[in-house]
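Each protein sequence line maps, in turn, to chains A and B. For the first sequence, the numbering used here assigns the number 1 to the initial residue and increments by one for each residue that follows. For the second sequence, the numbering used here assigns the number 1001 to the initial residue and increments by one for each residue that follows.
There could be a bad hint or two in this list.
Below, in silico cross-link-like pairs of lysine-lysine (DSSO-like), each with a Cα-Cα straight-line distance of 27 Å or less [stated by the list, open to error]: (1) A:430 / A:448; (2) A:13 / B:1088; (3) B:1088 / A:247; (4) A:324 / A:390; (5) B:1048 / A:73; (6) A:288 / A:51; (7) A:504 / A:390; (8) A:321 / A:45; (9) A:13 / A:247; (10) A:45 / B:1088; (11) A:288 / B:1038; (12) A:418 / A:156; (13) A:288 / A:73; (14) A:321 / A:418; (15) A:321 / A:439; (16) B:1038 / A:73; (17) B:1038 / A:310; (18) A:288 / A:156; (19) A:366 / B:1038; (20) A:310 / A:247; (21) A:51 / B:1088; (22) A:439 / A:324; (23) A:310 / B:1088; (24) A:489 / A:156; (25) B:1038 / A:330; (26) B:1048 / A:65; (27) A:156 / A:72; (28) A:321 / B:1088; (29) B:1038 / B:1088; (30) A:418 / A:324; (31) B:1048 / A:13; (32) A:288 / A:366; (33) A:418 / A:430; (34) B:1088 / A:324; (35) B:1048 / A:9; (36) B:1038 / A:247; (37) A:430 / A:321; (38) B:1038 / A:72; (39) A:65 / B:1088.
To be clear, the hints were calculated from the coordinates, so they are not data collected in a lab.
Here is what each chain is made of, one letter per residue.
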Amino acid sequence: MDTRVSKKKLGLKDRYTAMTRGLHWDTTYQPMDKVFPYDTYEGIKIHDWDKWEDPFRLTMEAYWKYQGEKEKKLYAVIDAFAQNNGQLGISDARYVNALKLFIQGVTPLEYYAHRGFAHVGRQFTGAGARVAAQMQSVDELRHYQTETHAISHYNKYFNGMHHTSHWFDRVWYLSVPKSFFEDAYSSGPFEFLTAVSFSFEYVLTNLLFVPFMSGAAHNGDMSTVTFGFSAQSDESRHMTLGIECIKFMLEQDPDNLPIIQRWMDKWFWRGYRLLTLVAMMQDYMLPKRVMSWKEAWEMYAEGSGGALFKDLARYGIREPKGWKDACEGKDHISHQAWNTFYNYNAAAPFHTWVPDDEELAWLTEKYPETFDSLYRPRLQYLREQQAIGKRFYNNTLPMLCTTCQIPMCFTEPGDATKIAYRETEHLGDKYHFCSDHCKDIFAHEPEKYVQSWLPVHQIYQGNCFKPGTDPSQAGFDPLAAVMDYYEVKVGEDNFDFEGSQDQKNFNEWRGDDGLGEDE
Amino acid sequence: MSNVFIAFQSNEDSRPIIEAILADNPHAVSVHSPGLIKIDAPDELCIKRATIEEIIGRRYDLQEIHVSLVTLSGYIDEDDDQFTLSWKH
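Looking at chain A on its own, in the form it has when it is part of the complex (with noise of 0.2 Å):
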C-alpha cells in the first residue's frame, strides 16, 4: 500500500521569493534601460537590484486576505457608529475640527500617494521594490477611502466639510500639504521614497496617527481612532520600505551618500514644517488630551529618529540638517499655528478659539519654559477682547513662505520674540523664507519652487475670484470675493467656535445649556 506523502509546504522566504522576484523576467525585444528609464538620471548608481532586501514578506495572496481582515473589521466599527449616532458620543463639539482638517489636508495626501507609488511601482528596474510599491499603492487608495466614507458621517451634521476636494485646490493652508506632495511625486523615484517612504512615515508619521488617534479614542470618536489604526497597521510596511531603500541605496555604491543626505536634509525639514498642523491639532483641538505635541515628539521623533540615526551613522549619514531646529521648535510650533489660524479664521474653514482656563493650566504644565512667559498672555488678551465684542479677524494676507508655503510665523532660533524671514534674489525676483532650511532647499533647486503656486500671490494677482467678479466696483470687498471663489460659506464654515452653528447644533442635540458638563 502506498503511504501518502504530504509535500513539504515551502517556507515564508522561499514562498515569498517564488510569489515576487520568482514572477520578474528581463526584458529581451528591448534593453531593460530604456523599459525601465527614470531609476538612472537621479545619479543614484545601483549595481545589483537582488540585494534589495524584503522584511516583511508579505506574499500577494496573504495581502488580499490580511487587508480584507482589516476592513471587515474597520466598517463594522464605521455602520456601528453611525447606527447608533456616535457623532453624539465626542467629547465636545470642538473636537470635530480636527477632523475637518484631517479630510481637508490629510486625506488628500493619501490619494496623491496612492499615485506616486503606482508612477514608482511601475518604474523601478527591481521587483521587490516594485512590489512594495504596488502594495503601498493599494494600501493608500484604501486610505484615502475609509477616511472619506468615515469623516462623511460627520459631514451631514457638521459644517467645514462639504467642499474639501474643491478647497483642497484653492485655499491658503491647504497649498502647504499640496505643494509638499507635488514636490514629492514630480522628484524622481529614490527622491520619491526618501520623501515619503523614509522622511515622512519612517520618521515622522508615528507623530500624526499614533498621538493624534490615541487622542480620537480619547474623545470618543470610535470611528477615526479605528480607520487611524487600521491605516497605520499599513504603515509599519511602508515605514519599513523607506528604511530598506535608504539602507539599500547606501550600501549599493558610496557615490550615492552625499545626494541621500542632500534628501534627508530638504524632506525631513518639509515633513516637520507640514506636522505643525498636527502639532497645533494636538495641543489646541482635542478637548480630551492624551499627549502634547511636545511629549510625542520626544517619544517619536528625538527617541526613535535618534536611535534611526544612530543606527545610519555607519554609512556616513548625520542627522538632518534642521533637526537642532526643529527640536527647539517642539516648544514653539503648535502656538504660533494657533495664533495664526486665530487671526486668520475668517478665512479658514473650521473653528478657532481660545482655550478654557483648565485647557491654559495643562498647555502651561506641559509647556513650563515658554507657554507662561510667552503665549498665555497673548491667548488671555485675546479672550478679553472677545469678551468685550473685539473678537480679532486680521484682514490682511500674510506673506508666505515660497518653500513651505506657511504664513511667516516661526520664531528665530534662540529667539522666541522675533518672527524669523529669510530672502534671496533669483533671476532678478525677490523669494522670501521662514528659515534657513526652506531657503536652502530653494537655493538647490530654484528652477522648481519659482513655480510655486503661492496662494497669497494669487489672490493679489486677482487669480482667486469667480469669473465676472469686477475688483474695480465701488465697495468691493476681496475677503468675501475670496471666500465665494473657493465657495466657503461665511458665518457657517469659518469664524470663531463661540456662537457657531456647530455649537448651537450640538447643545441642542445633546441637551446641553452651553455651559459645560451636560446633567
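Since the structure of chain A is already known, use the hints to place chain B on it.
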C-alpha cells in the same frame, strides 16, 4: 543602546500577542494609552509563534499580527516561527 518598539490596537486579537511578547522578552515594558498598547525594549524584541499558540490553543500564522499592528521601529527579521526587531548599532 536604543529602544525598539512595537504597538498594537488594544483588543482581544492582540491580547495573546502582548502576553507572549512580555513572557518571551523579560526586558520589555508595555505602556497603555487609549486604544493602544506600546511595547518598548532595549536593542531587541522577539515575537514567537509557539508562545502565542500555547496561549490561544490553536495554530497561529505570525502574519496575523498585521491585522492589529499599529506601528514599530527597528530592523525586521521574519520567518514562519519568529518575528524579531533589532537595531544594528
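For the pair supplied as a hint, residue 288 of chain A and residue 51 of chain A, confirm whether the alpha-carbon distance does not exceed 27 Å.
This hinted pair is violated, its Cα atoms lying about 48 Å apart.
Does residue 1038 of chain B sit within 27 Å of residue 366 of chain A, going by the straight-line distance between their CA atoms?
Between residue 366 of chain A and residue 1038 of chain B the Cα gap is close to 22 Å, so the pair holds against 27 Å.
Residue 1048 of chain B and residue 73 of chain A: Cα distance at most 27 Å?
Answer holds: residue 1048 of chain B to residue 73 of chain A is near 25 Å, not above 27 Å.
Taking only the CA atoms, is the gap from residue 1038 of chain B to residue 310 of chain A under or equal to 27 Å?
With Cα atoms ~22 Å apart, residue 1038 of chain B and residue 310 of chain A stay inside 27 Å; holds.
Pair hint outcome, residue 321 of chain A versus residue 1088 of chain B [Cα-Cα no greater than 27 Å]
Distance of about 23 Å is within 27 Å: holds.
Is residue 430 of chain A close enough to residue 448 of chain A, meaning Cα to Cα at most 27 Å?
Answer holds: residue 430 of chain A to residue 448 of chain A is near 15 Å, not above 27 Å.
If you draw a straight line from the CA of residue 489 of chain A to the CA of residue 156 of chain A, is it 27 Å or shorter?
15 Å, holds
Distance restraint between residue 1088 of chain B and residue 324 of chain A, which requires alpha-carbon spacing of 27 Å or less
24 Å, holds
Distance restraint between residue 45 of chain A and residue 1088 of chain B, which requires alpha-carbon spacing of 27 Å or less
This hinted pair holds, its Cα atoms lying about 24 Å apart.
Can you confirm whether the C-alpha distance between residue 288 of chain A and residue 73 of chain A stays at or below 27 Å?
Distance ~26 Å between residue 288 of chain A and residue 73 of chain A Cα, so the pair holds.
Hey, residue 324 of chain A versus residue 390 of chain A, does the alpha-carbon distance stay inside 27 Å?
Cα-Cα ~39 Å, so violated.
For the pair supplied as a hint, residue 51 of chain A and residue 1088 of chain B, is the alpha-carbon distance within the 27 Å limit?
18 Å, holds
Hints 4, 6, 12 and 39, counting from the list given before, are not met by this structure.
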